[in-house]
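Position chains B and C against the provided structure of chain A, taking the given hints into account.
Protein chains in written order, with the working numbering: chain A, 527 to 806; chain B, 93 to 381; chain C, 8 to 264.
Just so you know, the hints here were simulated from the structure itself, not pulled from any lab data. Some clues are possibly wrong.
As the list claims (entries may be wrong) - Derived lysine-lysine pairs resembling BS3-like cross-links, with alpha carbons at most 30 Å apart:
1. C:186 x A:795
2. C:242 x A:706
3. C:132 x A:795
4. C:256 x A:706
5. A:718 x C:105
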Amino acid sequence: MNIFLVLFFIVWILGWLINIRLSLIKNAKFLRFFIPTLFGFVILLMWEFLVLGLNINPVLLPPPTAIALKFADSLDILWIDFVQTLIKGALSGYILGCGAAILTAIAIDKFNFLKRGLLPFGNFVSALPIVGMAPIFVMWFGFDWESKCAIVVVMVFFPMLVNSVQGLELVDHSRQDLMKTYNASYTQTLFKLRLPSALPFIFNGLKICSTLALIGAIVAEFFGSPIKGMGFRISSEVGRFALDMVWAEIFVAALAGCLFYGLISLIEKQLTFWHPSNQK
Amino acid sequence: MKRLIINNSILPILTILLFIVIVWYLAAIPMNSEKVTRQFKNLSFTEHVEKTWNLKKPKLPTPHQIVNEIINTTFYKKISSKRSLVYHGWITLKATLAGFILGTFLGIILALGIVHNRAMDLSVMPWVIASQTVPILAIAPMIIVVMNSVGVTGLLPKAIISMYLSFFPVVVGMVKGLRSPDQMQIDQMRTWSASPNQLLWRLRFPSSLPYLFASLKVGIAASLIGAIVGELPSGAISGLGARMLAGTYYGQTVMIWSALFAAAFLAASLVFFISFIQNYTLRKMAILR
Amino acid sequence: MISVENVDLTFETNDGPVHALKEVSLEVKEGDFVSFIGPSGCGKTTLLRVIAALETPTKGNVIVNNMPPDDARKAREYGYVFQAAGLYPWRTVSGNIKLPLEIMGYSSKEKEERTKKVIELVELKGFEKKFPWQLSGGMQQRASIARALAFDANILLMDEPFGALDEIVRDRLNGELLKLWERTSKTICFVTHSIPEAVYLSTKIVVMSPRPGRITDVIQSPLPKERTLEIRDSKEFIQIAQRVREGLKSGHLDEDL
Numbered sequence: 527m528n529i530f531l532v533l534f535f536i537v538w539i540l541g542w543l544i545n546i547r548l549s550l551i552k553n554a555k556f557l558r559f560f561i562p563t564l565f566g567f568v569i570l571l572m573w574e575f576l577v578l579g580l581n582i583n584p585v586l587l588p589p590p591t592a593i594a595l596k597f598a599d600s601l602d603i604l605w606i607d608f609v610q611t612l613i614k615g616a617l618s619g620y621i622l623g624c625g626a627a628i629l630t631a632i633a634i635d636k637f638n639f640l641k642r643g644l645l646p647f648g649n650f651v652s653a654l655p656i657v658g659m660a661p662i663f664v665m666w667f668g669f670d671w672e673s674k675c676a677i678v679v680v681m682v683f684f685p686m687l688v689n690s691v692q693g694l695e696l697v698d699h700s701r702q703d704l705m706k707t708y709n710a711s712y713t714q715t716l717f718k719l720r721l722p723s724a725l726p727f728i729f730n731g732l733k734i735c736s737t738l739a740l741i742g743a744i745v746a747e748f749f750g751s752p753i754k755g756m757g758f759r760i761s762s763e764v765g766r767f768a769l770d771m772v773w774a775e776i777f778v779a780a781l782a783g784c785l786f787y788g789l790i791s792l793i794e795k796q797l798t799f800w801h802p803s804n805q806k
Numbered sequence: 093m094k095r096l097i098i099n100n101s102i103l104p105i106l107t108i109l110l111f112i113v114i115v116w117y118l119a120a121i122p123m124n125s126e127k128v129t130r131q132f133k134n135l136s137f138t139e140h141v142e143k144t145w146n147l148k149k150p151k152l153p154t155p156h157q158i159v160n161e162i163i164n165t166t167f168y169k170k171i172s173s174k175r176s177l178v179y180h181g182w183i184t185l186k187a188t189l190a191g192f193i194l195g196t197f198l199g200i201i202l203a204l205g206i207v208h209n210r211a212m213d214l215s216v217m218p219w220v221i222a223s224q225t226v227p228i229l230a231i232a233p234m235i236i237v238v239m240n241s242v243g244v245t246g247l248l249p250k251a252i253i254s255m256y257l258s259f260f261p262v263v264v265g266m267v268k269g270l271r272s273p274d275q276m277q278i279d280q281m282r283t284w285s286a287s288p289n290q291l292l293w294r295l296r297f298p299s300s301l302p303y304l305f306a307s308l309k310v311g312i313a314a315s316l317i318g319a320i321v322g323e324l325p326s327g328a329i330s331g332l333g334a335r336m337l338a339g340t341y342y343g344q345t346v347m348i349w350s351a352l353f354a355a356a357f358l359a360a361s362l363v364f365f366i367s368f369i370q371n372y373t374l375r376k377m378a379i380l381r
Numbered sequence: 008m009i010s011v012e013n014v015d016l017t018f019e020t021n022d023g024p025v026h027a028l029k030e031v032s033l034e035v036k037e038g039d040f041v042s043f044i045g046p047s048g049c050g051k052t053t054l055l056r057v058i059a060a061l062e063t064p065t066k067g068n069v070i071v072n073n074m075p076p077d078d079a080r081k082a083r084e085y086g087y088v089f090q091a092a093g094l095y096p097w098r099t100v101s102g103n104i105k106l107p108l109e110i111m112g113y114s115s116k117e118k119e120e121r122t123k124k125v126i127e128l129v130e131l132k133g134f135e136k137k138f139p140w141q142l143s144g145g146m147q148q149r150a151s152i153a154r155a156l157a158f159d160a161n162i163l164l165m166d167e168p169f170g171a172l173d174e175i176v177r178d179r180l181n182g183e184l185l186k187l188w189e190r191t192s193k194t195i196c197f198v199t200h201s202i203p204e205a206v207y208l209s210t211k212i213v214v215m216s217p218r219p220g221r222i223t224d225v226i227q228s229p230l231p232k233e234r235t236l237e238i239r240d241s242k243e244f245i246q247i248a249q250r251v252r253e254g255l256k257s258g259h260l261d262e263d264l
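Just chain A, same shape as in the assembly (with noise of 0.2 Å):
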């Protein structure tokens, strides 16, 4: 046994004694940040000793030093593809997708007709594998990101509508009886009631979407992009083999994905405070 896999156990036990420990503790709010952190910690201590212990091959899975020297080393590569994957492709495709689902959802919201026939077919498309369209619309927008943007505006449309509707359906009666008695306009009673009731819903759509759109941006890009973007150096360093630079691209990913979520749970925790669910 090598002194590196003996790291490696005593790593974990000591880690998880003290997560233990710790747990025991009531009600310190540090431990709701310092506990995950600690075992994120100690996961990626334990991956680099039984990388070094095991003597595996780096090139099937390197350990989080080399991924970490990698990704200092090659910021400006990683920039570049950050911009024209996530920047441009995905946020525009958000947006644009998003925007386009609220306001169609207002729309229709007025027609029960409409409403009736096309919440179940968003909910019908909400679980196709839309990722699949991605070679088709390669094929029509071209390599760059404006194929990457319209698959994201067509994945995130069906799952943000359907959000909106039932936000904006789900308006309490007897609220919307008041404006009635007020003689409230249909703007009045859109602005200050049925919005801000749906927006829970809403941020729900948006947070869930926000996931797809990086998932949408770089899929696409396996079947076609300019020789930048994350999907395409994750897809040409595979086949090299360089897999410290696709982790060092999924790490970008995943902290890109968190940040953008963490942002709009702090907009929703700020908008819809008076939620239920935000009231403690």
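For chains B and C alone, coordinates are given in the frame of chain A:
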């Protein structure tokens, strides 16, 4: 009541479908026009339109072309043939189901751990949630290639991607479900001095079922996506994903679309199948009336 | 002020038509405090909603402030208080009170003044910045009343406003409502299912019974306008309560026949 809902929405849904088909045919005219004018000269307008709807490699194939292709490759090819859609669909379905079952199993076990162990709740749960925001599909090609290089090929690598994708909805839904009984119900069990096991099987597990089924529906759809994306890299030659990729290489748009429709059909049947089991189980347990 | 003449209202439901109101006629004079009382399903809330133009009767005539109810709604002739407080959780108490004023296009100075006035009227001073979910049920209902008062409509329609509150809080709010009514001299229509509440508050008690929803008795209260809680032990009070109970009972007897 259920009957009424179906009757009430069948007409609107059909209207919307009809609308889509009409828009589809209309859109095919300008999208395929360029190719038609390149191939044919001196066509009257109706001939021109007719040609745009029946090109061999159109930019946008029309619904009847896709339906024809699907019927052709489903019923008129031997099931074992590489040109049969059933063959490719079955390959994808196998990987989907294997991954889905593994993922569900793992998800339920992890959820039980999280609900019963505070240390696990505090340390693992945040990562489970964080991992949902990560585009896991991006790892798919890597998993395939790495596993191929150590000699694992075929079903298993794809199933692992599917497992990964279906695992997270199950954990999250199951944790929520196992925690859904309120304090009053738990206290009630306590007054009968129920054992932890009884608390789990008589209260927590039954109340988690509606959540579990909701997650299973999300999970199986995600599984299918995982299997399809898993077939994209590394020159896989069978499966719906490989068929889409092959279609891209050879400009066979009708082939891509028919693979896409087959995937959609598969997704719909899988989700429908889960809904069926859900309705049956929940009705049997009188959770749903 | 409000006159209801031979009103019929039938809802078409999946289980066939439901006769919510049948040949209902009623006269409410200015300054009246009218209670509608009856078991659930007797159409008391529906009648209030007809007056508010939230439902349209299938037959008959309704006049509110010398106009059809829908015109009265458009002219903002009444304030409506719902069963559940119906406050907006994303607005503070004063934000909620300002809501109708915003919709009706009051200037911001006037909005401030009116809000301040009604908050004092319902004794919610110091709670303007609180959100509804930070208040007790009784306070929420007071805010809701303040909201209905804010735009100075001279009719107040209240649909079981205190139904969800416990009896102690309800007694206090009843007393406050009486004082408010006296000070503002509004016309109030009040739906309730509590006999003591109806008798204690009203100048006129309308007893209703279900299937089909109809009026079985109208009682003109002989109690003086100024009332204290002690009045509930007086002989007149008990007599009226007795008569209300009889009215409710006779409605049920009809049903058994």
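Exercise. Which of the listed hints are broken here?
Worked result: 1, 2, 4
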